[in-house]
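Enquirer: If you read the protein sequences in the order shown, they are chains P and H.
Numbering-wise (numbering that gives the first Met the number 0), the first sequence opens with residue 0 and increments by one.
Numbering-wise (numbering that gives the first Met the number 0), the second sequence opens with residue 0 and increments by one.
Take the hints with a grain of salt, since some may be wrong.
[Claimed, not checked] Partial selection, computed: residues in chain P whose CB lies under 7 Å from chain H:
1. 59
2. 62
3. 65
4. 68
[What the hints assert, rightly or not] Among chain P residues calculated to face chain H with C-beta under 7 Å, some are:
5. 63
6. 64
7. 67
Keep in mind the hints are simulated off the structure, nothing from the lab.
Positions of the beta carbon are idealized from the N, C-alpha and C atoms, including for glycine.
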Amino acid sequence: MMTNHNGIVTQGQFSFLPPLTDVQITAQLKYALKHGWAIGIEYTDDPHPRNTYWEMFGNPMFDLKDPAGILLEINNCRKTFPHHYIRVVASSAVRGVESPTMSYIVNRPKKEPGFGVVRQESDGRNIRYTIHSYATDKPEGERY
Amino acid sequence: MTESIISNTEVFADDTPIDLAAELSASNVTEILDKLDRELVGLKPVKTRIRETAALLLVDRVRRKMNLSAASPTLHMSFTGNPGTGKTTVALRMAEILHRLGYVREGHLVSVTRDDLVGQYIGHTAPKTKEVIKKAMGGVLFIDEAYYLYKPENERDYGAESIEILLQVMENNRDDLVVILAGYKNRMDRFFESNPGMRSRIAHHIDFPDYSAEELLVIAKLMLAQQNYRFSADGEKAFAQYLPLRMGMTHFANARSVRNALDRARLRQANRLFASSGRKLTKLDLMTLEPEDILVSRVFQEGKVDLDGDEGANAQ
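So that you can see chain P by itself, here it is in the shape it has in the complex (with noise of 0.2 Å):
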C-alpha cells in the first residue's frame, strides 16, 4: 500500500514525475515569483507523511524578483543536506495568512528504504494499523 511503482517518497506536488531538473525548478520558481508568493527551502530525514514541519533552510524568501537566488539556495541546501529530502514551499499572504500553496521535493536520498506497516493488536480482536519509516529506526543525520 505505501509503496509505488518508482520506490520512492510521494509527496507534494510532481512527484510521481522524474525528479525535476533545475531549469524545470526555475520554471516553477518563476511560477509562484510572478503570483508574489514567499518561497521557503525546507529539508528533513523523517519523510513520515504525518511530519508537516521540516526545519527551514534560512529565513522564507520574500520580494524576490528573480529565481536565481532561490536556486542559488536549493544548490546551498543540496550541498549542506546531500542525503535528506529538501523541498520548496510558496506561500500565499492573500487569505492574510502565509498559506503554502504549492510545496515539492527537489532533493531526496539515493535509497529509500520506505514505510512498513505495524500492526498492533488492542482489545478484543481489534487490530491498530500505522505506518513507520525504515529510516527512522537510526538516530537523526545518520539515516540515509
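We have chain P already, so just place chain H on it with the hints.
Expert: What follows is chain H alone, placed relative to chain P:
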C-alpha cells in the same frame, strides 16, 4: 538571458549581412536613450558614455547571434560624482537599458547603502548581504556611498565581509545581476585603491560632472513644471542670481540643493499669498513664484545657507 542569446552551433559565413539598425530598433533602446537625453539636463560625458556602453552591448549581442563572442562582458559599473548630479536616476535608466538588451532578466533596481548590507554582530553580515543580493538578482544592485563599506581604521569592521561576498557574486553570478557602486569621486578612488579586487571587477567607470548655473536653472524650471509651478519673469532672474551665490557656499548638492531652494520658495510663496488676503487671488497667483519669494533667502541676506530644510550634501 533572452532566447536570442542562447548560443547554437550554427556556423555563419563570413559575409553574412548584419542589420544593426534593425537590431537597435528591435531592442527599443533608442527610446530610453532619448528619454535620458530629454529628461536629464547637461551631463554630456555621462550620456556619451552610456550611448557607447549601449552600442557595445548591442554589438556584443549581435556577435553572440553569430556565435562570435566567448565570455559575457563585465557590466559592473562605478558612478562617481558630487551629490545631486543624477547618479541614481541614471542607474535607473541603466537598469532599463540592460533589461531591453537582455543582459538582466527583470530590469529592476535595488538601491542600498551600507546599513542594508553590513550587520551589527558576528554572523549577521553574510545573511544580510546575501538577502539583498538575492533581491537584486535579475536586476541591478545600486550601492550608494559604497566607500562606507570599507573602514580601514577599524579592522574588526564587518564591511570587509560584505565586500568579500559581493566580490564573489560579482564574479560568479555575472549573468544574474549587475552591481553599480556610487559615491564621491575622491573617496571612491581611495576605496578602489584599498580594494583592488573591486576595481578589477568593474569595467565601466563613469564620472558625473557638476552642473553649471545655466543647467541648474533649466533643472529648476523642469522641477517647477512637474509640480505645476513656474517663475515669473522677474522670479527667474532672481533665481538666476541666487544660483551662483548658492553654488559658492558650503554643502552645495547640485540638483538636490535646487530642489530644496524651490521647496523653500514655495513655502514663502504660500505665506505671501496668505498675507495678501485683502487682494483677489487668481489661479495664476497659485502657480507663480515671484522674486520676493526668492530674494528673502538668507543666501542673499546674510551670505549664509538657509538651514531650515537644506540638509545639504549629506542628505538623500
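Enquirer: Evaluate each hint against the coordinates.
Expert: Hint-by-hint comparison with the structure:
{"no.": "1", "hint": "59", "in the structure": "violated, 11 Å"}
{"no.": "2", "hint": "62", "in the structure": "holds, 6 Å"}
{"no.": "3", "hint": "65", "in the structure": "holds, 3 Å"}
{"no.": "4", "hint": "68", "in the structure": "holds, 3 Å"}
{"no.": "5", "hint": "63", "in the structure": "holds, 6 Å"}
{"no.": "6", "hint": "64", "in the structure": "holds, 4 Å"}
{"no.": "7", "hint": "67", "in the structure": "holds, 4 Å"}
When held up to the earlier numbered hints, the structure conflicts with hint 1 and nothing else.
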